[in-house]
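Asker: Each chain is listed here by its residues.
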Amino acid sequence: MDNREKELIERVLAGDAAAFEPLVTPYRGALIGLAVRIVPNPEDAKEVAQEALFKAFRYLRGCDPELGFRNWLFQIVVNTARDHRRREGHAARRLAAAVSDWDRPPAGDDPVTRLEKSQAKIRLRECLDILSDREREVFWLREIEELSVADTARALQSSSISVRVHLNRARGKVLRRFQEKYPDMTGEDR
Amino acid sequence: MNRRDRAAFKNARASLRQWAGEDDGSGWTDGEWRRLIERAAAQGTEPIQAERFSALRPLVSAAATLVVLVWAAAFLLKTRPADLSARNAARPAEIAAPAGEDFRPLPEIVSPEDVGRAESSLSRPAAPLEIRRLLASTVETPRPSENKPAFTWISSETGLKIIWFTNNNLKLEDLP
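Protein sequences appear in the order of chains A and P. Residue numbering for the first sequence follows the working numbering, beginning at 1 and increasing consecutively. Residue numbering for the second sequence follows the working numbering, beginning at 1 and increasing consecutively.
Possibly wrong hints are sitting among the right ones.
Derived pair list, reagent style DSSO-like, types lysine-lysine, alpha-carbon separation capped at 27 angstroms [claimed, not checked]: (1) P:K161 with P:K148; (2) P:K10 with A:K173; (3) A:K181 with P:K10.
Source of the hints: derived by calculation from the structure; they are not laboratory data. What you are looking at is a predicted structure, and each value in this text was computed from that prediction instead of being measured.
The following block holds chain P by itself, in its conformation from the complex (with noise of 0.2 angstroms):
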């Protein structure tokens, strides 16, 4: 609003006063407007809801708070021992070659049809992990560049095998 509005806008509001000033009190006449004191004042007072809450509030919340605490003790407890002796029953069977597996040392240096045979038996899931950790330790990928640290990660679920290139600070760059 500039200032012109704004003066016209209070000369505008003077007279909706003056408007609701000239409708005032045409709701009740003076007799409805006693008898309808007279009933507030026969209803009495009393204590408004949220002061009687305000005086449960702590005691709600600590009640809420322990029984919080009580179930999440009881959940610990209760499912601790069972968790952590199933991950233990799952690890050495997760190390452990499966029986009548045949291993097959990997050659030193692989050609890159190896490298694809050996990426694609990876891709199957009941691939034995000392043949996924050989791999990924032994599996030679071509360098950008001769004295370039080269970093090979095979996923064990996967077999997808990224590499990182690194310079000699052992900071990531591009490919060539």
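Next up, chain A with everything else stripped away, as it sits in the complex (with noise of 0.2 angstroms):
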């Protein structure tokens, strides 16, 4: 945990709540972005992150230093949308992902950008979704959002030995999947 993080507990910790601010939203982005790896459905995964960020608030006494503030968050994510996923059911979170908006374009941006981030979730999902659940986070917290496979082991409550399996494997079948739809993004055009 750095330091600008640790004084930033600190004084949410001594009754300082504007303090909790700046200490989240380096995390907004990764927050809904891991949460929706885990609960496809965009709006389920909103709920999950708002949920993760009260518990982060209420429970900031309990953040474990040498875990790191993000990692810790992450956990927090995870395990609350593993809850998600568990109370909704497999069959309603694939029903939910399949009627959902997840495709719409994002308002507010202009309509170049919103194509782009629109292509960019259409591409994201091609290559995610031949993962497992737990091939999915794993690879998301390691190669996405950089962890190392000891912090991914830690947030994911996993073995290390346990995260390189399932790393390894998903690596293969996103590399896979990228060779069959975006032979040119691996630099080996067929």
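Both chains are given apart, each in its own frame, so use the hints to dock them into the complex.
Answerer: Put into structure tokens, the structure is as follows:
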């Protein structure tokens, strides 16, 4: 945990609630990004991220300095999302994902940006949907959020060996999908 | 993954990271985010459950140990005398010959028919212990060769007979 985060946490715990915003804002996108990999319905993912944020404030005293604030926050998101997934059930999740407005271009940007964002979403989904839930969680934390293997294992409450196994499998699957769909982006045009 | 695959994967990962970055923060508008932070801050912080439980943990474990010890002591004090008296009461009955039972000393050397008869009588659970012991010690069994010690064991419950043959060093050996 860096000193700035430590200082902000101490301020929040001392009663300065305003210090919470600079503490969590750097992870605003990551919160939703991680939640949506575990709970594919964007509305549910938003709820999960919101709940995780509330929990983070409420239980800030329990933040483990060894783990680091970011990893601790991700751990809360993972647990909250998994609880949500368990509650909702597999079938409901698939149905919700199918009928969601996931591909709808986000409002508020110019049309070109909206189109690019929309394409990014679609491509991300295409590449990550082939992964199992566990593989997607590991892949996202390790390869996109760039957590270390040990931190990924801690965030997922798993072992480093398990993380490595899932990561290798996920890398292979993602690469094959890229080679099928976007061979030009892997540097090996076919 | 070979070197070529690793290089291809790195390129793919760079694209994924770029797409993830473009998708960044689409969940909340700035206004929504600020309201969310305010709502989170309004609830206040509290000690995590684990901390509360960790304070209670030694007390709970001490109480549980005490309960187990008290239960074990009570169990031993209650059951042990009764158990011993039951065992003592059972012993004479087991050793003593049943009333009216006819004790016939077995011949020193018995024929194979006698052995068979003795064994079949042993299979009856009511056979007196003395006869069984006598049988176990006196029944001669066929030996594979002379000067080879053998040990015979006859089960007092089932009459099952087991013979061990050994060499002169008292090591077990197979039948020829």
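Asker: Each of the hints needs a verdict: does it hold here or not?
Answerer: Each hint tested on the structure:
For the hint pairing P:K161 with P:K148, the CA-to-CA distance comes to about 19 angstroms; that is within 27 angstroms, so the pair holds. For the suggested pair P:K10 and A:K173, the alpha carbons sit about 14 angstroms apart, so the restraint of at most 27 angstroms is met. The hinted pair formed by A:K181 and P:K10 meets the criterion: a straight-line CA distance of about 16 angstroms does not exceed 27 angstroms.
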